Amino acid sequence: MNRAGAIAIGIAAVVAIAAPFFLKPFGIFLISMWAVLTIAAIGLNLTLGYAGQISMAQGAFVGIGAYTLALLTQAGVPYPLAFVAAGLLCFAIGWLLGYPALRVQHHYLAFVTLAFTTLVFLFLRNEEWLTNGIYGVNGIMRPTFFGWSTGKAIDFYFFCVGSLTVLSLATWWMLRSPWGRAFVALRENPIRALSLGLDTRRYTLMAFAIGSSLGGLSGALFASLVQFIEPASFGLQRSFDLLLMVIVGGSGYFMGPFVGALISVLLPEWMRITEGYYLIVYAALIMAMMAFCPYGVLGMVERALKAAAVRRDPPTPALQSEAAGS
Amino acid sequence: MSAVLEVSDLRKTFGGITAVDGVSFEVRDGEILGIIGPNGSGKSTLFNCVLGQLSPSNGEVRVDGKVTTGMRPCDLNRLGVSRTFQLLQVFPQLSVRDNLILAGQEHQGSMYSRLIGRADAGLGEAADQMIAFFRLSHLAGEQAGSLSYGQQKLLDAAMAFMAGPRLVLLDEPAGGVNLTMLGLLRERLQAYHAERKATFVVIEHQMEFVMALCTRVLVLAEGRLIAEGTPQDIRRNPAVIEAYLGHGMPNA
Numbered sequence: 001m002n003r004a005g006a007i008a009i010g011i012a013a014v015v016a017i018a019a020p021f022f023l024k025p026f027g028i029f030l031i032s033m034w035a036v037l038t039i040a041a042i043g044l045n046l047t048l049g050y051a052g053q054i055s056m057a058q059g060a061f062v063g064i065g066a067y068t069l070a071l072l073t074q075a076g077v078p079y080p081l082a083f084v085a086a087g088l089l090c091f092a093i094g095w096l097l098g099y100p101a102l103r104v105q106h107h108y109l110a111f112v113t114l115a116f117t118t119l120v121f122l123f124l125r126n127e128e129w130l131t132n133g134i135y136g137v138n139g140i141m142r143p144t145f146f147g148w149s150t151g152k153a154i155d156f157y158f159f160c161v162g163s164l165t166v167l168s169l170a171t172w173w174m175l176r177s178p179w180g181r182a183f184v185a186l187r188e189n190p191i192r193a194l195s196l197g198l199d200t201r202r203y204t205l206m207a208f209a210i211g212s213s214l215g216g217l218s219g220a221l222f223a224s225l226v227q228f229i230e231p232a233s234f235g236l237q238r239s240f241d242l243l244l245m246v247i248v249g250g251s252g253y254f255m256g257p258f259v260g261a262l263i264s265v266l267l268p269e270w271m272r273i274t275e276g277y278y279l280i281v282y283a284a285l286i287m288a289m290m291a292f293c294p295y296g297v298l299g300m301v302e303r304a305l306k307a308a309a310v311r312r313d314p315p316t317p318a319l320q321s322e323a324a325g326s
Numbered sequence: 001m002s003a004v005l006e007v008s009d010l011r012k013t014f015g016g017i018t019a020v021d022g023v024s025f026e027v028r029d030g031e032i033l034g035i036i037g038p039n040g041s042g043k044s045t046l047f048n049c050v051l052g053q054l055s056p057s058n059g060e061v062r063v064d065g066k067v068t069t070g071m072r073p074c075d076l077n078r079l080g081v082s083r084t085f086q087l088l089q090v091f092p093q094l095s096v097r098d099n100l101i102l103a104g105q106e107h108q109g110s111m112y113s114r115l116i117g118r119a120d121a122g123l124g125e126a127a128d129q130m131i132a133f134f135r136l137s138h139l140a141g142e143q144a145g146s147l148s149y150g151q152q153k154l155l156d157a158a159m160a161f162m163a164g165p166r167l168v169l170l171d172e173p174a175g176g177v178n179l180t181m182l183g184l185l186r187e188r189l190q191a192y193h194a195e196r197k198a199t200f201v202v203i204e205h206q207m208e209f210v211m212a213l214c215t216r217v218l219v220l221a222e223g224r225l226i227a228e229g230t231p232q233d234i235r236r237n238p239a240v241i242e243a244y245l246g247h248g249m250p251n252a
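Sequence order for the protein chains is A and B. Here the first sequence is numbered in my numbering, starting from 1 and rising by one per residue. Here the second sequence is numbered in my numbering, starting from 1 and rising by one per residue.
Please note that a few of the clues may not be correct.
Unchecked claim - Label pairs and their computed distance ranges (CB to CB):
1. B:Q108 with A:A308: 36 to 44 angstroms
2. A:A4 with B:G65: 42 to 50 angstroms
3. B:Q108 with A:W172: 20 to 28 angstroms
4. B:A121 with A:D313: 29 to 37 angstroms
5. A:R311 with B:P38: 32 to 40 angstroms
6. A:F29 with B:R72: 19 to 27 angstroms
7. A:H106 with B:R72: 16 to 24 angstroms
8. B:E187 with A:R202: 36 to 44 angstroms
9. B:D75 with A:W173: 25 to 33 angstroms
10. B:E208 with A:A12: 53 to 61 angstroms
What the hints assert, rightly or not - Below are the SDA-like pairs computed for lysine to any residue, each with C-alpha atoms no more than 25 angstroms apart in a straight line:
11. A:K306 with B:K66
12. A:K24 with A:I134
13. A:K306 with B:G141
14. B:K66 with A:R201
15. A:K306 with B:L94
16. A:K306 with B:H193
17. A:K306 with B:H138
18. A:K306 with B:L139
19. A:K152 with B:S146
20. A:K306 with B:Q143
21. A:K306 with B:Y149
22. A:K306 with B:L136
23. A:K306 with B:S95
24. B:K66 with A:K24
25. B:K66 with B:H193
26. B:K66 with A:D199
27. A:K306 with B:S146
In case anyone wonders, no lab produced these hints; they're calculated from the structure. Please read these numbers as outputs of a predicted model, since none were measured by experiment. Note that the Cβ used here is the ideal one computed from N, Cα and C, for glycine as well.
I would like the entire structure built from these sequences, with the hints used as guidance.
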């Protein structure tokens with residue numbers, strides 16, 4: 001990573017730690033939501049941005065994770081176990097959802113995963129014996145670790161940011177391993193990857209499973225953050241929202257989900273100064289952003305930096321003639 | 001000399017069309033075999049059947065005596081069979097170096113050791129050697145997509161060699177490459193062959209390239225083998241001339 005990037009991340013970290021001390025409860029709730037949804041967006045960025053498998057199911061995995069945590073903790077399972085179970089269950093279901101991706105791609109795969117999201121929503125709404133249907137699940141606990149209770153908003157915020165830090169470092173580490181290279185190969189040229197010995201089937205399933213498990217862990221935090229969950233929170237809208245975060249932030253950029261989630265969670269709230277029009281203004285801003293920077297905010301930043309570097313240090317004529325001659 | 005690759009009675013039909021019609025041949029250890037034939041003669045289909053990209057309708061493929069018919073390309077690759085593609089197939093967003101590391105990484109350790117341990121240790125050095133061998137050192141850090149067409153062809157070949165394969169199938173390596181680059185490519189392929197004693201099969205249109213590179217040539221027309229011999233024999237063979245130029249032009 002270059003120095004400018006390291007400084008930017010350092011400043012962001014300081015802001016993330018200091019912010020809750022200057023915010024009212026609703027502000028703390030919003031930045032907690034940012035941290036929680038960033039985790040789900042990191043998962044989707046892995047599946048879509050790195051491995052190139054479009055998924056409209058990330059919202060459903062947030063839902064599965066949320067209900068898993070809520071129902072298990074209310075059945076008396078300790079919080080850490082329920083938390084891990086949410087991730088594992090979504091890993092397993094994500095693995096299974098990967099199978100259609102071995103057969104279909106692009107918009108076909110989008111529809112398969114869209115159908116899955118609808119299926120999960122209907123399950124949560126109709127299977128009242130398990131999920132309490134449209135009445136949702138109430139009074140979801142927040143954990144206590146070695147005497148540190150995360151019951152208060154600010155404490156729970158730090159729990160969310162801590163989880164985000166650990167999970168994003170783990171993802172960063174994985175993307176730097178041979179697996180990260182294999183995921184990019186899967187996105188860029190699966191046929192060539194296969195001919196170089198990459199078991200594309202297993203890597204595709206893994207990309208789905210790991211991305212989905214991050215969705216599940218995000219859901220577990222989501223449940224404890226809002227403390228009341230209902231099926232409507234995990235419908236198509238949620239999946240689209242997460243997709244928006246990945247695309248707007250910059251699909252395939254590691255920091256993309258952080259930026260995308262910030263825009264998706266905070267921008268509508270800032271737009272409230274326009275009162276009744278705030279969602280209209282928000283939608284218009286997103287459309288403008290996609291028209292002028294289709295590679296997302298980070299894609300735009302990268303292009304601008306590259307253009308500046310070329311202006312500062314134009315390529316020498318010798319290099320140009322070599323490129324033209326070969 | 002033992003056979004590295006044996007293909008027996010291979011057939012591939014697509015609906016009513018027979019693309020490859022009962023082809024049998026073997027590739028001997030250490031040779032450079034050329035396969036030529038006009039467009040649509042079934043060369044690429046034959047390649048794809050041998051490499052597991054397509055499953056043949058009939059027939060058998062053996063590598064070092066082991067039946068590999070129906071094996072997936074990735075498993076075949078790990079047995080030591082690699083290939084290049086007719087159309088460019090590099091990973092444009094990865095650097096030249098990462099393209100090569102990727103080409104070697106699946107040959108070391110297990111899938112899980114590639115996540116947990118640093119299973120790609122040593123590959124960076126091997127990649128740098130391969131980059132130097134193909135005269136791409138000045139481009140090692142560049143994104144593969146920013147290279148010229150000819151340079152990407154060199155990279156494509158380098159990737160096929162990265163894991164030290166036993167058998168390399170080259171699908172039109174000279175296609176679309178300018179003369180300077182073509183000379184370099186041919187010279188590098190010959191150098192690699194001489195150094196590592198690898199076995200090559202080359203599909204090619206560019207006759208001069210085949211004649212200069214290959215020790216033995218097979219000619220395919222309409223899905224069948226119509227001739228076999230040294231490059232000199234093939235050049236004089238009337239059946240080959242007819243297949244290439246059609247009927248009624250005997251003096252062409």
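Going through the hints against the structure:
no. : hint                                   : result
1   : B:Q108 with A:A308: 36 to 44 angstroms : holds (40 angstroms)
2   : A:A4 with B:G65: 42 to 50 angstroms    : violated (58 angstroms)
3   : B:Q108 with A:W172: 20 to 28 angstroms : holds (22 angstroms)
4   : B:A121 with A:D313: 29 to 37 angstroms : holds (34 angstroms)
5   : A:R311 with B:P38: 32 to 40 angstroms  : violated (51 angstroms)
6   : A:F29 with B:R72: 19 to 27 angstroms   : violated (50 angstroms)
7   : A:H106 with B:R72: 16 to 24 angstroms  : holds (22 angstroms)
8   : B:E187 with A:R202: 36 to 44 angstroms : holds (39 angstroms)
9   : B:D75 with A:W173: 25 to 33 angstroms  : holds (28 angstroms)
10  : B:E208 with A:A12: 53 to 61 angstroms  : holds (59 angstroms)
11  : A:K306 with B:K66                      : violated (51 angstroms)
12  : A:K24 with A:I134                      : violated (31 angstroms)
13  : A:K306 with B:G141                     : holds (15 angstroms)
14  : B:K66 with A:R201                      : holds (24 angstroms)
15  : A:K306 with B:L94                      : holds (17 angstroms)
16  : A:K306 with B:H193                     : violated (41 angstroms)
17  : A:K306 with B:H138                     : holds (20 angstroms)
18  : A:K306 with B:L139                     : holds (18 angstroms)
19  : A:K152 with B:S146                     : violated (53 angstroms)
20  : A:K306 with B:Q143                     : holds (14 angstroms)
21  : A:K306 with B:Y149                     : holds (23 angstroms)
22  : A:K306 with B:L136                     : holds (23 angstroms)
23  : A:K306 with B:S95                      : holds (16 angstroms)
24  : B:K66 with A:K24                       : violated (71 angstroms)
25  : B:K66 with B:H193                      : holds (23 angstroms)
26  : B:K66 with A:D199                      : holds (21 angstroms)
27  : A:K306 with B:S146                     : holds (14 angstroms)
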